[in-house]
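Heads up: the protein sequence lines correspond to chains A and B, in order.
Residue numbers for the first sequence follow full-length UniProt numbering, so the first one is 1 and each next one is one higher.
Residue numbers for the second sequence follow full-length UniProt numbering, so the first one is 1 and each next one is one higher.
A portion of the hints provided could be inaccurate.
[To be verified] Here are the simulated BS3-like cross-link-like pairs (lysine-lysine), alpha carbons at most 27 Å apart as the crow flies:
| no. | chain 1 | residue 1 | chain 2 | residue 2 |
| --- | --- | --- | --- | --- |
| 1 | A | LYS261 | B | LYS261 |
| 2 | A | LYS58 | B | LYS272 |
| 3 | A | LYS58 | B | LYS206 |
| 4 | B | LYS279 | A | LYS58 |
| 5 | A | LYS97 | B | LYS279 |
| 6 | B | LYS119 | B | LYS58 |
| 7 | B | LYS279 | A | LYS261 |
| 8 | B | LYS119 | A | LYS261 |
Bear in mind the hints are in silico, worked out from the structure with no lab data behind them.
The primary structure of each chain is shown beneath.
2 protein chains.
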Amino acid sequence: MKDVYFMERDPYAPIRHCYGISKILYEGKSKYQEIQVVESHYFGKILILDGVVQFTEKNEFFYHEMLTHPVMFAHKNPQNVLIIGGGDGGILREVLKHKSVKKAVLVDIDKDVVEVSKKFFPTVACSMDDPRAIILNEDGFKYIQDYKNEFDVIIVDSTDPVGFAHVLTTEEFFKYVFEALKEDGIYVGQSESLHYHLDIVVRFQKALKKSFPIVDLYTTVIPVYAGYWWSFSVGSKVYNPREISREVDVETRFYSDEIHKNAFLPPNFYQKILNGNFKY
Amino acid sequence: MKDVYFMERDPYAPIRHCYGISKILYEGKSKYQEIQVVESHYFGKILILDGVVQFTEKNEFFYHEMLTHPVMFAHKNPQNVLIIGGGDGGILREVLKHKSVKKAVLVDIDKDVVEVSKKFFPTVACSMDDPRAIILNEDGFKYIQDYKNEFDVIIVDSTDPVGFAHVLTTEEFFKYVFEALKEDGIYVGQSESLHYHLDIVVRFQKALKKSFPIVDLYTTVIPVYAGYWWSFSVGSKVYNPREISREVDVETRFYSDEIHKNAFLPPNFYQKILNGNFKY
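Work the whole structure out from these sequences, hints included.
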């Protein structure tokens, strides 16, 4: 089919993205959200949740690598990793590239996302059968409250902070994250676009600062997220997230030591954002 | 009006952007292209040429500052500046912020763009009456061939390299640019998106290398261009474009000395792109 478009409905974006598609491969409704998989001319298969593109086969590696590796390489020896959200398995795949990892727990509330990813995105879901992986379909907000001083790294790969994912961006949640981390633990979460969601970025950072002594922000241009200039917020107990603690020994397509350093915002610009002086 | 969208038709983009608009302020056809001005809910007024968004009132400063200031501040004393394209006046406004500039010649083939900008975008066209500005409606490709050893800085602010703007990205044109520059002259042009137009970026860089001893590449996230991760290609005779030669003494909203340095691609990643090893 030509001239058929999927038109994104992103409640947070002032611009709508339209993708030329050739096939609708899956449409379903889980307990939590609408799930769609479409085949597009340029991007390959696309996963869509509640009308918003989560990733495309062609360029998912930007997001998955850049959410995972900066904190993993800031940590000296990450062994026990918790992923909240990320039911598609992309973050899990990146985490398990690190030989130091002994256990990676993936907690995604929506079992259907896991199943859809296994069926339609085998190159993303490819690590779910790794013996180090534990896949749980539970509420991450509740799950984390049962753990103290347990994880080296916690990665939150959530949908936009509207609806059921909102709690994963609150001060209360970050307190639980802090407590669930070991004494040199480090957290990262996606925190929306510097172009269109500056207010969310700032709120996110301020909430993190209530719990963590070290808070930072880095960005990557994610080609399919509205606003593109995507931000990732880090909370750390000890490690400076701008510094790489170990040799970069995993195979990646985009991430590298120099990309790591370049991704963090220059200090004055970062302060300008936090102080609310980069409104536009 | 609600639920009215302008749907971009960008021949180079695998994704189409839709803007919620409230008014169509102008529609015309010049000798060279279709020109439209619409009022949007979020972005303010938008200039559209041949169906492609050129800039919006809300965020034009990213593009105009980042195309102008890196080469202007790499140069020790830019006095005589040539702008090809940029009939809207945004680059001219930024160039004339530099006190060293004695003359800025703007050569845009399309007089109608200049007139439309003056009428609908007074904050962009605001420097056209500056006594240092000369506005010419001529073919930049022909104009430049009459000048040798004349300009300190040449900035090409063109539409996408399809149709009549294509000649501004050829080896032949870059030879004329080189000759029109003084012995320490420096050139910059917009060279499309690292996400969607990598082949164009590489071709552009290779063509520049035929004339210039120093060629470099920097990027900025431009919120309304498809692919967003926008690239700017520099050709320089003497100055290292990564280095700032003077105090940053102009008022800007985004550009700064640290943004300048951060914008250039890390060296290994840059080489990977040039070598064709960042295909995806």
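Consistency of the hints with the structure:
1. A:LYS261 <-> B:LYS261: holds (12 Å)
2. A:LYS58 <-> B:LYS272: holds (18 Å)
3. A:LYS58 <-> B:LYS206: holds (26 Å)
4. B:LYS279 <-> A:LYS58: holds (11 Å)
5. A:LYS97 <-> B:LYS279: holds (22 Å)
6. B:LYS119 <-> B:LYS58: Holds, because 17 Å separates the two Cα atoms, which is no more than 27 Å.
7. B:LYS279 <-> A:LYS261: holds (22 Å)
8. B:LYS119 <-> A:LYS261: Distance ~44 Å between LYS119 of chain B and LYS261 of chain A Cα, so the pair is violated.
When each numbered hint is compared with the structure, a violation occurs for hint 8 only.
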